[in-house]
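Q: Chain A is fixed; fit chain B onto it per the hints.
Here is what each chain is made of, one letter per residue.
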Amino acid sequence: MSELSANERLRERVLRTIAGQEVYCDWEGFLWDPDDWNEELAVAFAAESGIAELSEEQWQVIHFVRDYYEKNLRAPLNKELRKGTGLSLLTLDAMFPEGLRLGARKVAGLPNPKVCT
Amino acid sequence: MKKIKLTINGREKEVIADDNMVLLDLLRDDLKLTGAKQSCDRKGQCGACTVIVNKKATLSCLTKVSRLEGAKVITVEGLGTSENPHLLQKAFCLAGAIQCGFCTPGMIMAAKALLDENLNPTDEEIKYALRRNLCRCTGYKKIIEAVQLAASFMRGEINPDDITPKPTDPPRGVSHIRPSAMAKACGTANFTADIDMPGAAEIAMVLSPYAHAEIKGIDFSEAEKVHGWIGGMTAKDIKGTNRIKMAVEDRPLLCEDKVHCLGAPVAIIVAETRAQALEAAEKVKVEYNILPTLSSPEEAMAEGAPRVHPDIPNICFEQPLIKGDIESGWKEATTVVEDHFTTQIVHQAPLEPENSVAFMEGEGEDAELVVIGRSINIHLHKANIQDALGFDSVRYEEAYSGGNFGQKLEISSEGFTAAAALHFNRAVRYTPSLYESMLISSKRHAYDMKFKIGANADGKIVALDMDLVADNGAYNSAGHKFILRALHMLTSAYYVPNIHVASKLVYTNNPYGSAARGAGPPQVHFALESAVEMLAKKCGIDPLEFRRRNSLKTGQTKATGHVVVDVWPFPEQCEDMKPLWERAKKERDAAQNGTVKRGIGLGAAAFGIGFPGDQASSAVEIGEDDIVTIYAAAADPGEGTDSMMTQLAGKVLGLPLDRIRAQLRSTGNTSPAGPASGSRVTLMIGGATVDALQKLRKAMDEAGGKTFKALTDAGKPTRCIGKRNTVDSAPLDPKTGQGPSPETDVMSIQLAEVEVDTTTGEVKIVKMSSTVDSGPIINPNNFTGQMEGGMDMGVGYALREIYVAGETKDWRTLKFPTFKTSFDSEVVTRETPRKEGTLGSTGVGEMAMLSTAPAVINAIEDACGARITELPATPERVLAALKAAGKA
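For the protein sequence lines, the chains are A and B, in the order given.
To convert, note that position 34 of the first sequence is 34 in the working numbering; the numbers rise steadily by one, no gaps.
To convert, note that position 459 of the second sequence is 459 in the working numbering; the numbers rise steadily by one, no gaps.
The shape of chain A in the complex, shown without the other chains (with noise of 0.2 Å):
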C-alpha cells in the first residue's frame, strides 16, 4: 500500500460511474445512499461481482432482501431469509461470489453492514 493510497483509503466515500449513473459508493463498493438503488445498479453491481447476468431465483433474493431492507432498516436475519425465500443458507450463499452478507446486500444497495458514522 503507498502512502497516498493509506490515506486515500480512509476517505468516506468515491463517486462512481456505474451503469452509466453517477452515485457515491464507499470504499468497499456499497452503495453510499440505499435510496440511489435501482435495478441497474443491481445488474453492474451483480457483474462486478462476476455474476454475468442475474437468474430468477437471484432477483427473488435481490428483492426480498430490498423489500425487508425498505421495512425494517436493516438486513433480514439469516434465518429470516431462509424463511422468506424457502431456500437453504448454503444455497443462498452459494447464489453470490462474495457470499449472502457482503455479495447480496451490495447488489440489493443495502449499506455496507461496517457503517460506522
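These are calculated hints, taken from the structure and not from any lab test.
By construction, the Cβ of each residue, glycine as well, lies at the ideal position given by its N, Cα and C atoms.
Now the stretches of chain B that chain A is said to cover, found in silico as 3 or more residues with beta-carbon under 8 Å:
(1) 365-379
(2) 384-390
(3) 669-683
Straight-line Cα separation of at most 25 Å, BS3-like style, residue types lysine-lysine; simulated pairs:
(4) B:K239 x A:K79
(5) B:K716 x A:K71
(6) B:K651 x B:K835
(7) B:K538 x B:K887
(8) B:K835 x B:K698
(9) B:K835 x B:K695
(10) B:K706 x B:K166
(11) B:K706 x A:K71
(12) B:K698 x A:K71
(13) B:K225 x B:K283
(14) B:K538 x B:K585
(15) B:K709 x A:K71
(16) B:K553 x B:K331
(17) A:K71 x B:K723
(18) B:K225 x B:K285
(19) B:K820 x B:K809
(20) B:K32 x B:K2
(21) A:K71 x B:K695
(22) B:K538 x B:K586
(23) B:K64 x B:K2
(24) B:K820 x B:K764
Across the chosen pairs, the derived CB separations fall in these ranges:
(25) B:E83 x A:H63: 48 to 54 Å
(26) B:K538 x A:Q21: 54 to 60 Å
(27) A:W27 x B:G668: 25 to 31 Å
(28) A:V14 x B:P198: 49 to 55 Å
(29) A:T17 x B:P571: 42 to 48 Å
(30) A:S88 x B:T241: 22 to 28 Å
(31) B:K709 x A:T17: 49 to 55 Å
(32) A:E53 x B:G654: 49 to 55 Å
(33) B:I627 x A:K71: 17 to 23 Å
(34) A:V14 x B:T241: 19 to 25 Å
A: Just chain B now, kept in the frame of chain A:
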C-alpha cells in the same frame, strides 16, 4: 474451610467457606445477589461492592466470610424492590444521581449506613461516609444531593410522591425518572457479569508482555494438563479475517505473527472455571523475538525506524488545513502568542471491567452466535464479529453498561468470547481483571501541538498556525477520524480568517488511541484556549471580552471553510458568564493570602454534532396493549438515552410516558443507527426516532385515535420507520482540509476557580461553573448530570490522569476522581432552539469537558504565574513552571 452462620437480608444462611473466600464472591457467585459489583480487582479501591455488615458500610471484596460468624449482612437487594423501594433508592432516582448505575448499589448502601446513624448529615459528612465509593459519571454532586434528599424524606420533611414527576407531566423540560433508574437502584439491572449462565466455560487471555515482538511459537502442552482445560485458541483457529476493522484493517482479534503493544491478545484459553483458565493461561509458553519499541511519534518518524505494521508507513495519515492567506494574517497580527502544548494518553475509565459473554442459540442453519457485552455500536460490532470470525449469524445485545466515555466504540472482550463460543460451541464468559481491561481497550490519543495565534490591533484573531502530531498507538482503527474531528472544531467558538495546519497520525507501540469523550477536540481545545487566554492578556483585553469579540457569527466560516447556517449563541453565553466572572474576580482578589494563591480562568468551547455523512434509523410501533415501543440501536451506557427517547415520544405523540417504552439494546429488533458517541444520539438517533414518531402521529391524527384499534380500524400503519441523515457527506479536501463540517454546534464557557499551593504545587478546585446552550433541554437532571460529570472528568484530565501502559494498573494508579477531589459546581443554561436539532435539541455529553482543562490551566497561571503547557498539571510540573516563571 469453616462453617459459618450468618444472616443475609434477614434470612439465616449456613455456608461452608474457604478461608480466603470473600463476602463479595459469596453474594455474587453463590447466592446470585449481583447488586454488589466488582470493579477494582478486589483491592478495596472502588466501593462498588459495598454492603452493610453489622450496621457498618463494608467493602465486601475485602471481607473474609470466615470472619462473619453471626454477622447480619444487608445488600442492596435487601433494601427495597422496584415496586416497594427504599427512600434512598427513590432519592437516587429523583435526584438524577444514577447514570450508568454501576456504582449505585454501593453508594446507596454506604449512604444507608450513614443515615442510619445520622439523619442530618452535612455535605462533608456525606463525602466522608462515601469516601471509599467511586463514580466516573456524575462528578459526585448529584449523589450528595440524593443523600440529602433521602435524609429529608426520612425526616418527614418531604414526601417523595410530592416531587415525583407523573407520566402525564410535560414530557419535555421535566426530570422524569429514567426508565432504567429504579432497576439500577435496586441492584436488579443486569450488567454483563451479572448474567446468570450456569455451566458456562470461563476465558482467560494470554496477553503480550512486550510492546513490540515477533511471535515465534505458542505452546499449550503444559496448559493442557491443567484440570478443567477445555481448549486454547490462536489466530490460526479463526476462520474469518481475524481483523477488527473500523476504518483500517490493522487490529487483529488475536495477534498473528507479531504483537504491536503491551497486552496485545495472543491466545484465548477456555476452562471450566475462571481459576482453571487463569492457571492454564499462566502455563502457555509463547516464544517472542523482541523488537525495538517505538514509544513516541518522534521515534516512529525518525529515519530508519522500523514499521509497526510492515505494509503501512508509521505516518499513516496526514491532513493539512489551509484557509485564507496565512501570510497576510501574520502581517496583520500585532500581537502573537506561540507555544508548544502536549497532552497525555488517558484511559477513559468506565467503572465496569470489559466483561462479555457469548453462546450459540439454536441448531443447524438457525444457529446464532449471541454476544452480550458493552458495545455502544451494536450493529457495527456485530458486523466486525461476522467479518473477523467468518460467521454470519450473529446477534449482539448490549447489557446494562457501566460507563463508556468513548472506550466502547471499539470491540474488546466480546471478540474473544465470540471467537471462543463459536470455536468450542460452548457458552463462555470473560471477566477480565481491571488491569487486563486497561490493557485490551483503547485510550485517548496523546497530541503534540506547536501552536501560534495572532490578533490585530482591534483584538481580533487573524491568524492561526498549528503543527499537530497525534500518537496513534499500535492500531489506527479510526484514528484519522479523530484528527478530522479536531480540525473541524479547531477554531471552536471563534471566527479565524487565516489558518495553516499540518497534522500527522503516527503509529507507535503505545496503547492504541480511539474515541474518548470529545475525541480529538479536547486535546486541541487545550492548546487553543490556553493560547487565546494568553493572547487576550497580551493584548490587554479581558479574556471574556476577548472571547466575545472573536465570536463566530452565523454566515461566517469555520476552520474548514464550512459556512455556519444554524444559530450561534456564543455572545449570549459570554453575557451569561459575565456575572459569574465578575464575582469570581472579586472573590479571587479578596482571597489572596500567603503561599496559597487563588486564580480564575476561562475556557470556551463550540462542539460540532451531525458530521457529514452521518446516518441513523429507528422504528416505532404501537402494540395491541396500546403501548408504543421505540426500536432503536441507541446504546445507553449512562447518558440517559432511554429518557431522551421516551420523553421525545411523549412530546411528539402527546401520550403519557407510561404508554411508551424503549427497546434499544439488540441487533435482533433494531436497525443500524451508529454509535452512542460524538454527542450524536439526541440529534441523529433521536432525530430518526422523531421522524418515525411523526409518521405515527400523522396516522393517529388521521385515524382520529391513539390506540391500536383506532389505527387498525382506520387502515393506518401501526409501525413506522424513521431516518435521519446529515445533509452533506463530502469529506474534507485532502490538500486544503476544506469542506463541510457538522450541521450544528453546542457551546459553553467554563470558569475555573482554583487555589495553588505554591510550596507544594498542589492545585485545588474551588469551583467550576459553566454556561451552556445546546437547545431545549429534554431532561434537566440528565443534562446537568452530563455537565457535572464532564467537568469532573475534565479536571482529572487537567490535573491528575495519565495512562502509562504497564504502570497504570488500577484505580489508584489511574488517580480516579473521588469524593475528596470533587468540587462545587454551577451550570447556567440557555435553550436556543437549533434549526437542525431534534425538536430543536442537540447533545451535551462531550462539550461538558471540552474546555475544562484549559480553564483550569488558565486559572493556575492566573493564580501564580505558572503556565502549564504539558498535561496533566501535576504538582511537580506546577513547581517547575513556577520556577521557570521566576515565581518559585
